[in-house]
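Engineer: Read off the chains here:
2 protein chains.
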Amino acid sequence: MKGCGIVAEYNPFHNGHRFHIEETRRAGATHIVAVMSGNFVQRAEPAVISKFDRARLAILGGADLVIELPVQYAVSSSERFARGAVALLEALGCVDEISFGSEAGNIASLRAAAKAVSDKDVIELTRQFYETGMSYPAARENVVEKLYGKDISEVLRTSNNILGVEYIKALDELKSKIEPITFRREGASHDSDESEGGFASARMLREEVRRGADIINYVPFETKLAMETAASEGKLSGGLDALSQAILFSLRTMSREELSELPDCGDGLGSRIYNAAAESGDMGEIFDIAKTKRYTMSRVRRAAIYALLGIDASYFFSPPYIRIMAIGRNAQELLNRIGKTHTLPMSVSLKELSKQGENAFKTAKLEAHATDIFNLSIYKPASRGRDYTVPVFKEDAAI
Amino acid sequence: MKGCGIVAEYNPFHNGHRFHIEETRRAGATHIVAVMSGNFVQRAEPAVISKFDRARLAILGGADLVIELPVQYAVSSSERFARGAVALLEALGCVDEISFGSEAGNIASLRAAAKAVSDKDVIELTRQFYETGMSYPAARENVVEKLYGKDISEVLRTSNNILGVEYIKALDELKSKIEPITFRREGASHDSDESEGGFASARMLREEVRRGADIINYVPFETKLAMETAASEGKLSGGLDALSQAILFSLRTMSREELSELPDCGDGLGSRIYNAAAESGDMGEIFDIAKTKRYTMSRVRRAAIYALLGIDASYFFSPPYIRIMAIGRNAQELLNRIGKTHTLPMSVSLKELSKQGENAFKTAKLEAHATDIFNLSIYKPASRGRDYTVPVFKEDAAI
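Protein chains in written order, with the working numbering: chain A, 1 to 399; chain B, 1 to 399.
Calculated from the structure, these hints are not laboratory results.
Check before you lean on any hint, since a few could be wrong.
Which copy is meant is left open, so a pair is good if it fits within one copy or across any two.
[Unchecked claim] Here are the simulated EDC-like pairs of lysine to aspartate or glutamate, each with C-alpha atoms no more than 20 Å apart in a straight line:
id : residue 1 : residue 2
1  : K291      : D151
2  : K235      : E285
3  : K380      : E333
4  : K115      : E79
5  : K351      : E279
6  : K365      : E257
7  : K235      : E279
Use the sequences and the hints to build the structure in full.
Structural biologist: Here is the structure:
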């Protein structure tokens, strides 16, 4: 048995995702565990369809097991996102590899970049550059170029490489035996509007479905069906715009001090968002006003999600449990193995997990709350507490 | 000098309101002080235009001075609403009368009803009836009929009579020397859809303006102008519906316990609202689910506003200050007099008033917050903190 982890959002699951799973199997993996973001994703917005559906589609698309990346990591910076996901894979105790797409397409250059950004001098100089008004990623890239040369700094220019670098860093921190493997990303890039040879970006697919286009050329049939059913039943999320009043309400209810205490908002961003939200009552305008070269749009949006969901720094312990979201028909051997090796409480029941200590309680409560708020972003909002009631999808072995 | 107080919402100010002021003057009042609700009104919804505009229109329509009824009383039950308003009139120290419209049209029957509902036996029996599942108003009317007869219980059947009874009760409690006087309400009733001889209900006028109709037959020209300007500038409030996501967000963010601690929600209503908001993601549907014979729709809506604005029982001290909202051209003599007699801190500046003790700080902060949230209910939301920045309207004595 060779277990392989994939960190994913599957928002929604498309042919590129399936291809990545297939490649990973071709490279020798016998069992695939996806660590999947829940109802909010790293772009700082609600996912297009519910995590329960997305977990099911991941199984139908080829994964054997889906576990949930708790929401505080899912909506956080690449570094925290990667740390949370890698810690979960490590906690399974029997994952051999982590497989991810990257623009670089080779582990050596990502390792070199990971080494560079872990360098104490790079960290200190980045901080100094950042203080002059640059964004953190730009500052870091600059410093790496000066100290390690252009070849390595260029690795840090694209989003999938950056995530890959963070996975490697997180594995190093945990002294994990999990091996990183990477495939060159094929087709359209993450946020592109284009499609290429049967691959389309997830972003493009979300937009296509919202305007009623057929996406069958780019997704497995199950995804097409799930997305079209969701659209016709009023269950597609309207995205961040659909939560804009809740966000405005949160921003207007929080004080300058409270906003400054949000994660990554202590260096003036919280105060800037406070001022922007005082000046304007339009979410997009607030983001535009708050954004600077230093505070990127991603950071500003992420801060809004922290405010919306009430995520503060106290949530960034390491993951307190393993929550199983969906189980494939070939998962039994994997589950038997994990059953012996896992190092964190594990369950299909969030209720059960919420009883496993203080951090588990806090995380479960936040997760269920995020789902309740996510459910306000869909045309026909679902009921509250669904994290406690929706049964885990288990693929029928008989099909 | 004869000072007379009027408790009002002026949502918006119309011919009926002007007629009431004129009648009050004909009855001998030389100076009229309006105690006006701010940006939220007792129907448990945002007012149709901002309180700054409404205060100005009250002056242009014949009032000499407008002071603000703090939001916690303005959105509360008739009893608290009346108590807050009467306490403010009493605190001015030189108001001789309180004038209000009523269906009864005579003080004697309202006094009799006030005496009846203050009777300890009535209160105790009402509580017992209420426990059986009746609404509080229905239970009280029943008990009064049994103990005092139909003539008196019938007084308690209409909303303006009930308010009048509460004014009288509040005056009695304060042992106030202010004399209540009442006029029979002419024309359309408070919430009616009809108009009658140049009088239309405020509710009908709000709807007419929202659909672009001309309201000049029912309002002073200044009201027509203000409402039409607000409509064309996107400054009309969309009402409670326009805050529905913020309310849903509040209800889904609060726990069962927190909802049960809201004012008047401790007897099961908070828990009922929690369940309703868990079941549905539609505000109107939630209200329908939560409502029973016992918990009237008004109570349910009011609870939602308490949740939205964060008003709990700790806000129901007696009013901590007198906030002047607008000043008429003939107010000087009145202001000179009040300057010598007022018994609470008084100012045109909320900032100034917020420094007058703990309750004043709390009330001012809540008031400003309510305005910030009100401003999310209008098509083009205004900036935050307007309670601290909008100057008081002062009618030009030269005009």
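Engineer: For each hint, tell me whether it holds in the structure or not.
Structural biologist: Right, here's what the structure says about each hint:
In this homomeric assembly, K291 and D151 never come within 20 Å of each other (Cα to Cα): the closest approach is 30 Å inside a single copy and 67 Å across copies. With identical chains, the CA atoms of K235 and E285 are at most 20 Å apart between copies only, with a shortest distance of 18 Å across copies and 27 Å within one. In this homomeric assembly, K380 and E333 never come within 20 Å of each other (Cα to Cα): the closest approach is 39 Å inside a single copy and 58 Å across copies. For a Cα distance limit of 20 Å, the shortest separation of K115 from E79 inside one copy, 14 Å, qualifies, whereas the shortest one across copies, 70 Å, does not.
In this assembly of identical chains, K351 and E279 lie within 20 Å of each other by CA distance solely across copies; the values are 19 Å between and 42 Å within a copy. When the C-alpha separation of K365 and E257 is checked against a cutoff of 20 Å, the pair qualifies only between copies, where the shortest distance is 15 Å, while the shortest distance within a copy is 24 Å. Taking the shortest alpha-carbon separations for K235 and E279, only the inter-copy value of 16 Å comes in at or below 20 Å, while the best intra-copy value is 33 Å.
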